[in-house]
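Once you have looked at the hints, place chain D on chain C.
Chains as they are written, first to last, in numbering that gives the first Met the number 0: chain C, 0 to 115; chain D, 0 to 155.
Please keep in mind that the hints were generated in silico from the structure rather than gathered at the bench.
Predicted model, so just to flag it, every value in this text is computed and none were measured.
Don't take every hint at face value.
[To be verified] A few chain D residues facing chain C, derived, Cβ under 8 Å:
| # | residue |
| --- | --- |
| 1 | 108 |
| 2 | 109 |
| 3 | 110 |
| 4 | 111 |
| 5 | 114 |
[Stated by the list, open to error] Ranges of calculated distance between the beta carbons of each label pair, as one might list FRET restraints:
| # | chain 1 | residue 1 | chain 2 | residue 2 | range |
| --- | --- | --- | --- | --- | --- |
| 6 | C | 38 | D | 62 | 30 to 40 Å |
| 7 | D | 147 | C | 68 | 54 to 64 Å |
| 8 | C | 115 | D | 8 | 50 to 60 Å |
| 9 | C | 66 | D | 148 | 47 to 57 Å |
Where is the CB? At the ideal position from N, CA and C, for every residue including glycine.
Each chain, written out:
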Amino acid sequence: MSEQFKEALDGITRVKGVRGAIMVTDDDGLIIADAVMEGVRSDAVAALAASLSARMARATVGAGVGEQHFLHLQAENCTLLTMPAPNGVLIVVLAEKDVNVGLVRLEMLRAVEVVE
Amino acid sequence: MKRVRAVEPWIEDPLVRFVTEAGARLTLIMTPAGQVLAQHGFTRAVDVMAAAALGAAIVSSTREIATTIGEGAFKALNHQGIHHGIFLAEMSTPRGPLLALVVYGSESSVGLVQLFYEDLVQELVAACPGEEPARPVIAADFERDLHKSLASLFGR
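Excised from the complex, chain C in its bound form:
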């Protein structure tokens, strides 16, 4: 199973501009599998992204707009993308600010299918 996860993450990291892709447990913020560039602190990204996603999930439900399907955070120097998957898994991607988000999202959806 972990090989399948790794392959799914490799599919995401093949997109130009992606610095790393991580599968995280959404409640704990712990890493299930990761494929990141050297210098990326995957444990930090995993923990903080899971926390952010959990807070956003509470906010969207609280605002009455339903559950979140995709989170896109555009920062000054990078892009953070998260997508909830079944079984309490969260797909997290860290990328350059000018990454093709549509293409990354497609690969993240493929990774979600692997988790299913």
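Just chain D now, with coordinates in the frame of chain C:
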């Protein structure tokens, strides 16, 4: 109201940063014998003493299990409950080993606690003034130190 209280002042700033960033509900920094050096979130002395004694006992027990199975020591221990998690870890400082007991709720996670715990250890090691020279234990000093510690931990 001041929520972090420390017997050893050098612990206070790193601990304030840790509880703020990790979202910890309760935190204890103590010696492996269960002597509390700093606390966050506790309101009753009896709760602090009980948590410190139990935390120290858990670390002691797991160290023995680690020795039995040929491990040097366990780095950290996490108990995951439905509403709360308990993170317990041992760190090395110039003052000797210290224990951290952290209780966190659903607004935090073990990942966040682990992440900021690493920063806490680095900051405590940097701030630690070094080993204190051993003093003879005198009954009057013991009593005075005990009251001083309780006053520091609960602001009395």
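Evaluation of the provided hints:
| no. | hint | verdict |
| --- | --- | --- |
| 1 | 108 | holds, 4 Å |
| 2 | 109 | holds, 5 Å |
| 3 | 110 | holds, 2 Å |
| 4 | 111 | holds, 5 Å |
| 5 | 114 | holds, 5 Å |
| 6 | C:38 to D:62: 30 to 40 Å | holds, 35 Å |
| 7 | D:147 to C:68: 54 to 64 Å | holds, 56 Å |
| 8 | C:115 to D:8: 50 to 60 Å | holds, 53 Å |
| 9 | C:66 to D:148: 47 to 57 Å | holds, 49 Å |
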